[in-house]
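Peer 1: Chains as they are written, first to last, in my numbering: chain A, 1 to 417; chain B, 1 to 174.
Where hints are given, some of them may not hold.
To be verified - According to the in silico footprint, chain A covers these stretches of chain B (three or more CB under 8 Å from chain A): (1) 2-8; (2) 88-95.
Claimed, not checked - No more than 20 Å apart at the CA atoms, straight line, and that leaves these computed lysine to aspartate or glutamate pairs for EDC-like: (3) Lys224/A to Asp128/A; (4) Lys274/A to Glu38/B; (5) Lys37/B to Asp278/A; (6) Lys3/A to Asp84/B; (7) Lys144/B to Glu36/A.
Hint data in this document are derived by calculation from the structure and do not stem from the laboratory.
All residues carry an ideal CB built from backbone N, CA and C; glycine is no exception.
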Amino acid sequence: MLKQTEGSHAVAEAVALSRPEVICAYPISPQTHIVEGLGELVKDGTLAPCEFINVESEFAAMSVAIGSSAAGARTYTATASQGLLFMAEAVYNASGLGLPIVMTVANRAIGAPINIWNDHSDSMSQRDCGWIQLFAESNQEAVDLHIQAFKLAEELSMPVMVCMDGFILTHAYERVDIPSQADVDAFLPPYEPRQVLDTSDPVSIGAMVGPEAFMEVRYLAHAKQLMALDVIPRIAEEFSARFGRNSGGLIRTYQTDDAETIVIALGSVLGTLKDTIDEMRADGIKIGVLGIQSFRPFPIAAVRAVLQGAKKFVVLEKSFSVGLGGVVSTDVRLAMTGIGLKGYTVVAGLGGRAITKASLHRTLREAIADTLPQLTFMDLDWRIVNRQLEREAHMRRSGPIAENLLRDVGAVASKVH
Amino acid sequence: MLSIAAFVQGRHAQAFPSFGSERTGAPVVAFCRIDDKEIRLREPILAPDVLIVQDPTLLHQVDVFQGLQPDGFVLINTKRTFDDLGLADISSRYRHERLTTVPATEIAMKHIGRPLPNAVLLGGFAALSGLITLDAVAHAIRDKFSGKVAEGNVAAASEAFDYVKRQMEELAHA
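Taking the hints into account, I'd like the entire structure generated from these sequences.
Peer 2: Dropping the structure here:
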């Protein structure tokens, strides 16, 4: 049913339609509305049977999810930012044990400095944790990806993270088509675990593995992610056949066929990019967009196939590996091995900085003219950066950086008169 | 609720808040785009066609008119006039028949008993912009609230609609 609704609420409905049997979560912005919505659906009996468990922390949330998934229950949780970091140890255990938990990450920056706004630092910090990581471009895709995620997770017996931009998507009201329960039931069969804690047929899950087999167990996780490269597009096709729209898959292209420059990005910024690219095309610039829906497994071959005909690429990313540069860019460059393509990394939108069409126009035109530095921080305020660097050069006790910069921009909330 | 009203009329709409410290009394901004095709753009609205000011005490603290289109519409929640508010300068820069005020807080007190001007202002917005109908506003209010709260807000929005309509007619003849 078509409705105008908040992204978080739409995701709560999609998760409920997937009939999870255990939901546990600890509130953290900007994810909170999702589990609040689910809590209401459990309480009023719409979602049943389902146990909603309030836990004392994110570490407990993932630990409970591991227990319930091992007991054979379809299990869901959601988090963001510091919450994801706090559960990190259990996140690795969930994938290491091969438990098909589905988790929403409402992407948000990581402190310090504390910041509640959107970027991709949180899920990128868990890039190597062994979970499948899917990114939603719109709230419709977020809804669709959650339904696909349960199917994908359970088919491969591995956990799936659905990443959606915090606030930009979670708090946006837009048109979303919520599928019917009958269609979701037909698409997503009941969970049939590969391993289960069952008193009538006892097993242990979580053995200690020494050097004799550890590498093999880890390799099998990789092998499953490689299988996911086939399973993800297949599930997206099945979804499209039943629900009549394309959502998910490994990658999605826009105006790339004759493009000389291809911009690569993840998540909701793809929409702004498409609008920008339309305007640049109207000016005769051959430019296109490559959206990466599946960041893990990283679709090396698919990315390579799209970029092969282009002359240069720009990776626009909301994440940043301090001391190196781009995170997504590193993977894209791996996909480009052996192809002589000029590439640029543009780090943008960190901590909620708005990514505007005007800035994209300027930056992409500089890339096309080859005047863009290889690593660019879009809309960086050099004035306050340089002031702080000067301060540090001139005095030993230069003070806390964040407070200094806030004072320089004139927006410090407290203790400045 | 504005985006829901637009949706009710078959249009595409995208509404999102400015994200900040959600403490009572902190200045906040929310945005809404309405279009006939899918809205892909995710940047904040930098050049609005319509500006609604819920709290007139912000007028001299924040440049709320920044980026407003030259032929833009303005609706301010106040009992006072633009000149009384010290906005004579603004009046001269924009089309005067599109600069309106409505005592939304007072109207809310009368119908809802609480100083919550939001839904009331939507009634005024419908009259001012013509982008949504009063029926669609009522539909959106009933989508969000029920019972006495919904009906109080619908009545308040309707009073604001009439108030702004009348004011626009007066401004057109002024």
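Peer 1: Taking the hints in turn, state whether each one holds.
Peer 2: Here is what the structure says about each hint:
Coverage of the region 2-8 of chain B by chain A holds. Counting CB-CB distances below 8 Å, 5 residues qualify, and the rule asks for three or more. Given as covered by chain A, the region 88-95 of chain B fails the check, having 0 residues with a CB less than 8 Å from a CB of that chain where 3 are the minimum. Annotation: proposed proximity of lysine 224/A to aspartate 128/A holds, straight-line Cα distance about 14 Å (limit 20 Å). For a cut-off of 20 Å, the pair hint linking lysine 274/A to glutamate 38/B stands: about 12 Å separates their Cα positions.
Proximity of lysine 37/B to aspartate 278/A is assessed by CA-CA distance (about 14 Å); at most 20 Å being required, the pair is judged to hold. Pair hint lysine 3/A plus aspartate 84/B does not hold up; C-alpha atoms about 42 Å apart against a cutoff of 20 Å. Straight-line distance between C-alpha atoms of lysine 144/B and glutamate 36/A comes to about 16 Å, which keeps the hinted pair within the 20 Å bound.
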